[in-house]
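Protein chains: 2
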Amino acid sequence: MVNTLLLPELREMLAQGNDAELGEFCTAMNAGRTAEFMEGLTDEQAWQVLRNTEVPRRAEIFGHFTHERQVAILRDNEPGEIAALIEELASDDRVDLLQELDKARVAEILPLLPWKDRRDIQRLQAYPEGTAGALMTTEMAKLDETLSVRQALDALASQSEYFETIYYLFIVGENDQLRGVVSARQLVSALRSPNTPLQDLIETDVVTALTTEDQESVAAKVERYNLLAIPVVDEARHLVGIITHDDIIDVVREELNADAQQMAGISPLDTDFLRINLFLLSWKRGIWLAILFFTALFTAFALKYYEDELSRFAWLAWFIPLIISSGGNSGSQSATLVITGMTSGNLKLANWRHVMAREWLVSMLLGGFVACFGMLVAWVVAPSARDALVIPITLFFVVMCGCFCGASLPMIFKRLGLDPALMSNPFVAGIVDILGIVIYLNVARILLS
Amino acid sequence: MVNTLLLPELREMLAQGNDAELGEFCTAMNAGRTAEFMEGLTDEQAWQVLRNTEVPRRAEIFGHFTHERQVAILRDNEPGEIAALIEELASDDRVDLLQELDKARVAEILPLLPWKDRRDIQRLQAYPEGTAGALMTTEMAKLDETLSVRQALDALASQSEYFETIYYLFIVGENDQLRGVVSARQLVSALRSPNTPLQDLIETDVVTALTTEDQESVAAKVERYNLLAIPVVDEARHLVGIITHDDIIDVVREELNADAQQMAGISPLDTDFLRINLFLLSWKRGIWLAILFFTALFTAFALKYYEDELSRFAWLAWFIPLIISSGGNSGSQSATLVITGMTSGNLKLANWRHVMAREWLVSMLLGGFVACFGMLVAWVVAPSARDALVIPITLFFVVMCGCFCGASLPMIFKRLGLDPALMSNPFVAGIVDILGIVIYLNVARILLS
Numbered sequence: 049m050v051n052t053l054l055l056p057e058l059r060e061m062l063a064q065g066n067d068a069e070l071g072e073f074c075t076a077m078n079a080g081r082t083a084e085f086m087e088g089l090t091d092e093q094a095w096q097v098l099r100n101t102e103v104p105r106r107a108e109i110f111g112h113f114t115h116e117r118q119v120a121i122l123r124d125n126e127p128g129e130i131a132a133l134i135e136e137l138a139s140d141d142r143v144d145l146l147q148e149l150d151k152a153r154v155a156e157i158l159p160l161l162p163w164k165d166r167r168d169i170q171r172l173q174a175y176p177e178g179t180a181g182a183l184m185t186t187e188m189a190k191l192d193e194t195l196s197v198r199q200a201l202d203a204l205a206s207q208s209e210y211f212e213t214i215y216y217l218f219i220v221g222e223n224d225q226l227r228g229v230v231s232a233r234q235l236v237s238a239l240r241s242p243n244t245p246l247q248d249l250i251e252t253d254v255v256t257a258l259t260t261e262d263q264e265s266v267a268a269k270v271e272r273y274n275l276l277a278i279p280v281v282d283e284a285r286h287l288v289g290i291i292t293h294d295d296i297i298d299v300v301r302e303e304l305n306a307d308a309q310q311m312a313g314i315s316p317l318d319t320d321f322l323r324i325n326l327f328l329l330s331w332k333r334g335i336w337l338a339i340l341f342f343t344a345l346f347t348a349f350a351l352k353y354y355e356d357e358l359s360r361f362a363w364l365a366w367f368i369p370l371i372i373s374s375g376g377n378s379g380s381q382s383a384t385l386v387i388t389g390m391t392s393g394n395l396k397l398a399n400w401r402h403v404m405a406r407e408w409l410v411s412m413l414l415g416g417f418v419a420c421f422g423m424l425v426a427w428v429v430a431p432s433a434r435d436a437l438v439i440p441i442t443l444f445f446v447v448m449c450g451c452f453c454g455a456s457l458p459m460i461f462k463r464l465g466l467d468p469a470l471m472s473n474p475f476v477a478g479i480v481d482i483l484g485i486v487i488y489l490n491v492a493r494i495l496l497s
Numbered sequence: 049m050v051n052t053l054l055l056p057e058l059r060e061m062l063a064q065g066n067d068a069e070l071g072e073f074c075t076a077m078n079a080g081r082t083a084e085f086m087e088g089l090t091d092e093q094a095w096q097v098l099r100n101t102e103v104p105r106r107a108e109i110f111g112h113f114t115h116e117r118q119v120a121i122l123r124d125n126e127p128g129e130i131a132a133l134i135e136e137l138a139s140d141d142r143v144d145l146l147q148e149l150d151k152a153r154v155a156e157i158l159p160l161l162p163w164k165d166r167r168d169i170q171r172l173q174a175y176p177e178g179t180a181g182a183l184m185t186t187e188m189a190k191l192d193e194t195l196s197v198r199q200a201l202d203a204l205a206s207q208s209e210y211f212e213t214i215y216y217l218f219i220v221g222e223n224d225q226l227r228g229v230v231s232a233r234q235l236v237s238a239l240r241s242p243n244t245p246l247q248d249l250i251e252t253d254v255v256t257a258l259t260t261e262d263q264e265s266v267a268a269k270v271e272r273y274n275l276l277a278i279p280v281v282d283e284a285r286h287l288v289g290i291i292t293h294d295d296i297i298d299v300v301r302e303e304l305n306a307d308a309q310q311m312a313g314i315s316p317l318d319t320d321f322l323r324i325n326l327f328l329l330s331w332k333r334g335i336w337l338a339i340l341f342f343t344a345l346f347t348a349f350a351l352k353y354y355e356d357e358l359s360r361f362a363w364l365a366w367f368i369p370l371i372i373s374s375g376g377n378s379g380s381q382s383a384t385l386v387i388t389g390m391t392s393g394n395l396k397l398a399n400w401r402h403v404m405a406r407e408w409l410v411s412m413l414l415g416g417f418v419a420c421f422g423m424l425v426a427w428v429v430a431p432s433a434r435d436a437l438v439i440p441i442t443l444f445f446v447v448m449c450g451c452f453c454g455a456s457l458p459m460i461f462k463r464l465g466l467d468p469a470l471m472s473n474p475f476v477a478g479i480v481d482i483l484g485i486v487i488y489l490n491v492a493r494i495l496l497s
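The listed protein sequences correspond, in order, to chains X and G.
Residue numbering for the first sequence follows the numbering used here, starting at 49 and increasing by one per position.
Residue numbering for the second sequence follows the numbering used here, starting at 49 and increasing by one per position.
Mixed in with the good hints, there may be bad ones.
Unchecked claim - Distance condition first, Cα-Cα at most 25 angstroms in a straight line; then the derived DSS-like pairs of lysine-lysine: (1) X:Lys332 - G:Lys396; (2) X:Lys396 - G:Lys396; (3) G:Lys352 - X:Lys352.
Stated by the list, open to error - Label-pair ranges, simulated between beta-carbon atoms: (4) X:Asn223 - G:Ala398: 37 to 43 angstroms; (5) X:Arg167 - G:Asp192: 24 to 30 angstroms; (6) G:Glu116 - X:Val255: 20 to 26 angstroms; (7) G:Arg240 - X:Asp467: 50 to 56 angstroms; (8) X:Ser206 - G:Lys151: 53 to 59 angstroms; (9) G:Glu355 - X:Asp298: 51 to 57 angstroms; (10) G:Ala268 - X:Val255: 24 to 30 angstroms; (11) X:Asp467 - G:Asn490: 49 to 55 angstroms.
Unchecked claim - Computed footprint of chain G on chain X; a stretch qualifies when at least three of its residues, placed anywhere within it, have a C-beta under 8 angstroms from a C-beta of chain G: (12) 145–155; (13) 290–304; (14) 322–333; (15) 377–386.
Please keep in mind that the hints were generated in silico from the structure rather than gathered at the bench.
Just so it is clear, CB atoms sit at the ideal spot from N, CA and C, and this is done for glycine as well.
Input sequences plus hints: build the corresponding full structure.
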C-alpha cells in the first residue's frame, strides 16, 4: 500500500543534497498527500526532507505521519529543532507524543520551549486519560463579548494562524467565562452591518463538556447535537479548550473496538494490538478464558450426571458439539444485535418487550430451520426414526434458548447499570452450552426410554 | 431517559392554544435541546408546537427529532406545510426521509416544492445507497475563481444561510469545474488585504470523492486527511456536492457495527434491528447458522470415528464441551483482535510475521494457564494421574491451535481480497472445534492405551 511513485526521485534529491527541490516537494501538494509519498523513506530520511521547508509546514506534514514515525523523529533528532517543531503542533497531539518519549528525552526538550507552551503541556498532562481534558486542544477562537462584528473579524484575521478551527467562535467574558458561541457563518452573514455588537449574534445556550467528563459521553453529545466542536469548561464555566470532530471520530472508533473486544471476551486493550505488552495482553485474555473455563466446567458436571444415558446410547455423544454450537451461535447473534443496537442508541431498554417478542418469533423460525437439517443428519445415524427425533427436537429448543439468553442477558446487564458488552458472546455461549446439554439429555431421556 | 422537565407546561400551553409562549419555547434554547424537551409529546403535539415558530427554525428543530418522529410528521400533516418544511431541510436528509414515505404521499408533496428543489431531490435519489453520491448534500459554499477576498466575503454574506458549512469554500471555474479550496480561516486571515484575488489563496491539491465511490472509502479519506468535509465530484471533476463530518461519523459507526455483526455470524443488517423485517432478519441469521451447522457436522463425524476410545473411557465425553469451548474462545479473541486491528488500520497485512510471533508467545502463556486449571479438574475425575494428564495436555494444544487459527484466518481472507470480518468468530470457533476433538482424542489414544 506504500506509495512509491516519487521514492526514487526523493532518494536522489537526498543523496545530492538538493535542498531547493526537496523544499519544493514539501509544498507542492497538500500535507496529507506529501506525508503519504514519504511513507517508503526511513524515519531519518523523512526528517531530512522535512528540514527543507519552514517550521509551520514541517509541523503540518509531520501531523500526517504514522504515530510510530512521529515518536521516532522526536526521539532521535537535535533537541532544538524538535522543540521548534513541537511548538507548532496542536496542543492535544503533542501531549500524546511527549507521553511516549522517555523522561530524560522530555527533560531535554521541554526547557527549550517558550514558557507558555510548557505551561500548556503541563496542564494538559494533568488530565486523566479518557476524559475531555485529555482530549481537548487549547487553540480555539476566543473573542471578548464587547467586540463588534468588524472588530471580531479583525481580531480573528490577526490570530487565526494559531487556531485549529474557526467554525465556532467562543465568546467569553471576564476570566474567560464562557458566555456563548457565534458560528463563522453567522459572523460572515453579519458582515453587511459590521458595527453589530457580537452580543446580538450570540447563542447563549451552548452544549459544553466538563474537563473531567468521560470521553464517551462527550462523543455522544457531539453526535447527538451534530456539533463540529465542543467547548470544554471547568467547574466554574471557564473556557479551557475545545474538542474537535476528528478526535470524536477516534473516540467513536475506539469505543466500538473496545466493545467488539469485550464481546469476544477480552478486557479492552487501550493500546494498539501490536504495541501492547504481551504479558498485559495475556492477562486481559487469560482472565476471561479462566471465567469461561469455570462456566464451561458445569457442562462436564452435567454430562457426568447423565452418565447412564450416554453409555447406553453412545451415538448421543457424537452430537454434543453440534448441538451446543448451534445454541451458542444463535445466542451470539442475538447478543451482538442487542449490544450493537444499544451502543448505537437505536435500541432502548424500554423496548425490551418488543425485542423479546421479535426474538421469540425469529427463534422459532431459526429453530425450525436448523431442526430440519438436524433431522436429515440424525436419520442416517440413529437406530430408529423415533430415536432420530431427539436431535431435531433438541436443536429447536436449544436455538430458542440461545436466542432468548442472547437477547435478554445484555439487557439485564444494562438494567443493572453494567456495560451490556460485558455480557460477552462467549459468556452467553457458555451459559447456553450448559442449558443445551440439559435440554439434550432430557429430551433423550424422554424419547429413548 | 426522556426529558420530562417542561412537559406539563408544554401540554398546558397546547391545551390553551397559547401560541406566543409556544413560539418563545421554540427559540429559547438551542435546537437540539428544544427537540429533547419535546421527546415526551406525541408526534402530533410536537408538530403543533413547531408550527408556532418560523419555518427555518422549525426545520432546525425538526432535524433533531428521532427518525421515526420525522417520518410520522411528514406522513400525517398538511402537504403544503410539509413541502415548506422539506424545502428547508438539508438536501441529503430530506432524500433519506422521502424514501421512507409511500409513493402516493411523495407524489402529493413533491409538486408543491420549487422546481430547483425537486430536481435536486430527483438527482440525489438516483445515486445508489452506500455511495458518496447518496451521502452528499448539495448546499456548499461555491465561489467563482475570479473573485477577490472582499467579493468572496460579500458573496458568502449574502448566501451563507443556505449552506450547511462554510469552513471550506470550494473554488470553481466554468461549469462548476473544481479548481481548489480555500478555508474560511485563510479567507478571514486575508481580510487585511481585501483585494487579494482568491486565486492567490487557493489550495489546488484537493482530496475529492467520486459520486460513485463507496462510502467506506470516503470515510477512510476523511479520517486519513483529517478533513471537515470532502467535495464530491463527477467523472469530469464537476463539483456536485459535499459530505460533512457528521455523516462520516455515521458511516464509521455503521461500518463498525456491520463488522461486529459479521463477526458474530450475521449478514450485516443495513436497517435498525428493531425495524428490519423479521423474515429478512431470520434469513440473514439462518444462512450463517446453516453454514456453521454443516461445519459443526464434522465434529460429529470425528467423534464417531473415535467411537472406541469414547466407549472404553466414558469420562472422556464429559470434557468435550469444556475443551472445544476453550479452543473456540481463544480463537474468537485472536480473530477479534486481528479484525479490529485491520479495520482500524493499525494492523497491516505486511505485519503478519509480527502478529503470528506475538500470538505464538501469548498462546503458550494462555495455553499453560488454562492447562493448570484443567489439571486440577481432571485429577478429581480421571481414574489415575496419568489418565488425568490427557486434559491439560489437550487444553494446552487446543488453546494454541485456537489462537493460531483465529489470528491467521482473517489475514488469509484479507490476502485473498475478501472482508476479514467474514471470517467470523463462530466460523473460526467451528474450525477450532473440529481440530480440538481430533487433538483431544489423539492425545487420549496415546496416553490411555
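Hint check, failures only: Hints 2, 4, 5, 11, 12 are the ones this structure does not satisfy, whereas the remaining hints hold.
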